[in-house]
Structure formats: structure tokens, C-alpha cells
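Q: Given the coordinates of chain A, work out where chain B should sit on it, guided by the hints.
Heads up: the protein sequence lines correspond to chains A and B, in order. For the first sequence, our numbering gives the first residue as -10, with consecutive numbering after it. For the second sequence, our numbering gives the first residue as -10, with consecutive numbering after it.
By construction, these hints were calculated from the structure, which means they are not laboratory data. Just to be clear, a hint being listed does not mean it is correct.
As the list claims (entries may be wrong) - 16 Å max Cα-Cα, derived EDC-like pairs, lysine to aspartate or glutamate:
#, chain 1, residue 1, chain 2, residue 2
1, B, LYS73, A, GLU323
2, B, LYS71, A, GLU299
3, A, LYS234, B, GLU173
Please read all numbers here as calculations on a predicted model, not as lab measurements.
Protein chains: 2
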Amino acid sequence: MPPSSQRTGEFLSDQGLDGFLFLGDSLCNPDIYYLSCFLAPDRFALLAASSLSILVSGMEGGRAKRESVADEVATTSDYGIKEKLANFDRPEDAYAAVLKEFLRDRGVRKLGVPFDFPVRVYSDLTADFEVSVLESPASKWREVKTPQEIEAIRSVQRGCEEAMKVAVGMIRRSRPAGGSLIFEGSPLTSEMVKSAIDVSLLRGGYEAQETIVAGGKDGADPHFGGSGPLPADSPIVIDIFPRSKRTRYFADMTRTVLRGEADPEVVEIYGAVRAAQAAGIGAVRAGAPGREVHAEVCAVFEERGYPEREGRGYIHSTGHGVGLAVHERPSLSEVGGALVAGNVVTVEPGLYYPDIGGVRLEDLVVVKDDGCENLTEFEKGLIL
Amino acid sequence: MPPSSQRTGEFLSDQGLDGFLFLGDSLCNPDIYYLSCFLAPDRFALLAASSLSILVSGMEGGRAKRESVADEVATTSDYGIKEKLANFDRPEDAYAAVLKEFLRDRGVRKLGVPFDFPVRVYSDLTADFEVSVLESPASKWREVKTPQEIEAIRSVQRGCEEAMKVAVGMIRRSRPAGGSLIFEGSPLTSEMVKSAIDVSLLRGGYEAQETIVAGGKDGADPHFGGSGPLPADSPIVIDIFPRSKRTRYFADMTRTVLRGEADPEVVEIYGAVRAAQAAGIGAVRAGAPGREVHAEVCAVFEERGYPEREGRGYIHSTGHGVGLAVHERPSLSEVGGALVAGNVVTVEPGLYYPDIGGVRLEDLVVVKDDGCENLTEFEKGLIL
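Pulled out of the complex, with its shape left as it was, chain A reads as follows (with noise of 0.2 Å):
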């Protein structure tokens, strides 16, 4: 879903460029599968000048012109890269070399580059080009979503729900017993939820890197994954954030159970962040700055007493950015600027404890003109 190349020449022409080329794989780089839609495991260039052309391997070239939506496919061979690797010493100068002349057949002279455009190409770029290093204009565009966006991050939302049921469920069967939680004969472990929740994302064409499950003072660490039996009577958080194998597009949310007796301390952790959660979704709005939103957050917890104090508590931001990277702008957080309508965002306090666990609760909103929309459908409840 790249953006118009009217946007690309007004960016260029503000800049003063004749193009802005990036260099990555597109598996791992956000902004090069946005501006290409084509999907390579393997480094290839992108440059966005008057057209959108990208810079492949030979090998890759057929699928990139099938696949992509660049305006115009290169290859590496048709820049004769088998006769500049035997001439030149090192792979990259023969790279670099291959790399120059593509930017020279389109015209291009003054060149903007990403902060993380690699060190090495740009160093041997700038002895033949001007290059100036900017903010990459497609991280800026990536953030506000177009109606198409959402509805792929939405379905994304709707095969995470499926995989939280899947794992609330495996804990609502689940017995107590002894302090842990007993699944049809067994000890339940975080690595079965998990297990669980991966089959049920596949079935649906999701995939997720990393997903929390984490009972009890596992939970007291918010990005420890969990691992080993679960407990009963103790606070289970589960966070997963699975994306779409077709669209690239991730979703992102968490809940945290408790199957068992609940202390009544963890049930008051738990309205608190739950009126935590409901006064942040309640701040965004477009133009609402997310450092408000932020800290709207905060005093529901300052007034019902659970101050941050040495990193307990409230030790973490109230939400990010969710695209085609799970964590991207804006920032829910003490430096986080103005949202704007179109914007996808997480909202997520919890409250954690090395004693007790972690609560954690994490929906996914779009930012419009006069509030927010919720993608996220989940029940919320601790006690199962």
C-alpha cells in the first residue's frame, strides 16, 4: 500500500533530491516492503525518484516485475555484477560499483539516504553522489494508515482474538491444584499455551515471533516470554502480537487471567489498570498529544496509590505505533507528539511486581478526529 508518487516527488522536491534510495531486505525493513511490496529475504535497492525503481539479483528479477509494484525492475546482471565481482577485489566494491551506475542511468545526482542506511554503501556512494542522511519519509507515511491498512491490521486483530481464546480457554479448563493448574491430566505450561496459540494463528495465515505467556512472577517482567508450568491463583499475562503472512500487517494485544483464588490485592491491581486502560483510550483523539494520553494514564494510578517507585509499578510507556512493524510511531509515552487520524495505536498499562506478577491489559485503537475506534473485541475479565 505505498503512497502516491505525488507524495514522493513533493518529499523529493522539498528536500531538494533527485531521490531517496534505500538498501535492505524487505523481510527485515518496513519502509523497503511499504514503498515495493515485494518480499526477499536477500538485500536489494530501492530508489524513489520521479518513478519507484528497485535494484534485485538476476534471480530475483522475474518474480520482482510479477510481484512488485515498482515502476521499473533492474538486476544486478543486467549491470554485468559476474564481470565486476571478478574484477574487483571485495564483493562491495563491485556492489558499489553496480549500484552507481543504476543511480547514474535515472539522473540521479543528489541522493537522500535513511539513518539506517548501511555505513559502507554510503561511504562509497558519497564520493560520487551528494548524500544527505534524513528521516525516512516512509517511516513518517507509515504511520497514518489508510482505510485499506486498517482493515488488514483489523483482520489481524480478529486471528489474535481467535488465539487468545484458544489460550483463555486452555486456563478456564485447567484445574487447581496444589498451586498450579492441571490441563487434562497434566501440568499446564507457558510452552503448551504458546504451542496452542501458534496452531490456532497458522490456521489463519498469522505468525508470531515472541509471545508472552507468562504466569505469576514470571509476569513481574513485562517482555519475559514465560516458560514451565503455569500457576493457579496468580495472574497470568498473555501478549501476543502475531502478524499476517499475506499482508505483512501486525495486530497486538494482551489480557491477563487467573484461574484459582485471586488475592485481593491482584483484584485491585487489576480494576486499576483497567481504569488506567479506559482513561488512556479515552484520551485519544486526534491532536491530542500521545504524552497526554501517557499521562492520563499515570494519574489513575498515582490517585488509586501505585506510584512507579524503583522500578515497580507502572515501569513502561502506554503504547506505540502497530503497522507493518509491531513496534513503530507514534509514541504513547512522555515524548510522544500529537496523534493524527489514521494513526494505530496500542493502548497498554499494567502494573508489575517482583512479589506478586505483572497485570497487563492491551487493546489496539485507530485515532480519528473525535476519539478513537477499538479493533480489539476481547472480553476482559481476571478471574476464570
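A: Same frame as chain A, but now just chain B:
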């Protein structure tokens, strides 16, 4: 499975450096994962100096201490990232200030960074440090696998073969009818086979991106993933390159099968590819240059009357290294240098004709002093 600190020390001493700095996320940057054994979707810094230090966000500190092999974990919170974000206009400047303090505290003045280091941070660092852009020593070290790494790859290869068995089994159990394959009453599609492969992999703790199941003319483009109904009487290329979710190592294999009646020309092509692969595998040994292995493969194709001509025939190189990346060095191609015992490489000749399709066979082998060990046990045979 990181290298010894002695090895790092020798590299730094040879290059006259105080430290070598990596910056990236270890999901996408295999060097960083190799050195830290810390898997994180967000960017972090890794300094290989007299000891191995990583600089992660405050949120990741606890997990990094538990999971990484770094000698020391520092966090951006330790360096006042919050205050710096408030004081600097741009978050990049705040991060650079943190990184500089982190480096100064570790006595670093002369610093190496790899070719793919992000240019913006590089530029910031050059103001205060003497920075050399060098080939990553970790990429070089990764080329030679330890026995433990070879076992990790062997184990993924077993999972890969389980999935291949499922895929080939579906094609074998299909019934040729009117040029198509009918599986349990419906046309067998590339997507159905890929989905069954994914489920098999997931059960074993593996995952695969971009699996290829390409029948008939779809197979003529070696990188095209394939789609839609699979043909009877035509070769179907199945290329699976999964990674272990646990160890992060890849395997890689390809088989080509045909259900129904084979054209004698396809049988001959298959025979040529099989002979070429045998010649390639026979040529692999420590000391043999990758280009020689490639030349042996090309010689078989020439002898049998299958020269490369106008982008048809044998249009790619013979193989590549496999490890924490699916494509890494060394290369079995026209520019491939001497192999070393402990390299793990594919040997994957193929022939491609737009009117016929593709035939490729790929095994994964470990380079030994006197030849190679084939990690691939899966049978070869065209006609099912």
C-alpha cells in the same frame, strides 16, 4: 554459541581497536544474536571489547541479564535516556548521547563498526570517536560452525525432512485427472501443501518463511513461491528452509517430484540435475574453492547438453552457507573462495525452462577435511 573472548581480543588487537560496536535488532541481525544469544525485536547496542557489553532499554534489562551471554548489561535508563529525550530536539540525538557515554565509560576511543552499521549513528559517533568501518568479524566467525552449531542445524534438517515427507505424501496420494492433481476430492493447491508444511514444522518448533511449492511453469522461476492448483505430469519443486524457534538456526532442502506421466525430456533433465549434484557434493572438501565446486556442476550440465543460454538452463549459483541466516557465506559460485572444515553449505543445482518448468535438488552438507558429510537423508526420486 559465541566465540571466545580471546578471539575477540585478537581481532581488536590486530585492528588496533578498543572495541567493535554492533547496533540492530537480533531478530534481523544474526551477528548480534550470535554474539549475545539475546533475542529482541527492538534495536540494541552490543560492544565487543575486553568484555562483551550490551546496552538495552530499561524494559529489556531484566530479560537481557537472564537470557544473554553478555558479561554486562547496561540500560539506556542507567544513562538517563528519559532526561535526554526531554532535553534534545530529536530522539536520535538523545540516543547518540547515551551511546557515547556508554562507550566512554568502557574506555573506548578507537572503535570498529560493521559494513551494515546505521549511517546516522555512525556520523554521530565520528564526532567523538575514531571509527573504522570494517567487515564484521562475527560474520566471518559464523562461517565456520562448531560441533554444537552443526548439531543444531542437523536437528532443524530433521524437522525440515518431516515437513518434506508430509508435502511429498500429499502429492503421492493425489490422483492425476485432466492435467490437475486431485487430493481427497479437491484440486491440490500449492497453498494446501505449504500449509501442511507449516503445520508439520510448527509441531517440531520450527518456522518457515517463503516456502516454495511450485509446479509446472511456476517452477521455471527459481524464487517464485508457487500458487494455485498443482499440475499432474509436470515437475513440482518443493524448497523448504525452516529455522528453529529455539536455536535460531536454519536448514535448507529442495526436492522435485512429479505425479502422473513424465515426459522423457523431464526425466533426462532430472537425471542431469542429479548427476550435477553428485558431482558438486563430490567436489566439496576443505581447501576446495567454492568456484571449483560450481565449475564441476556446470561441467556436468555442459556435457549433458544443458548449457546456460539467455537466462535458461542453469541460471543460479551452486550453493550458499546456512546458519543463523538462510543465505550466508561461503558461496559456491563463480566467485567462491576456499572452503573450510566446519562450513555448512547447500549444493543445489537446477535447470529451468519456461516451457517445461524447473527441476532442482538441494542437500545440506558439512565441509570436512577429506570431503563432506551430507546432513540430508531424504530420498531422491522424480516420479511418485
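Q: Please go over all the hints and tell whether each is borne out by the structure.
A: Evaluated hints:
Using a Cα cut-off of 16 Å, the hinted pair LYS73/B and GLU323/A holds, with the two alpha carbons roughly 12 Å apart. At most 16 Å may separate the alpha-carbon atoms for a hinted pair to count; LYS71/B and GLU299/A meet this at roughly 15 Å. Our distance criterion of 16 Å between C-alpha atoms is broken by LYS234/A and GLU173/B, whose separation comes to about 26 Å.
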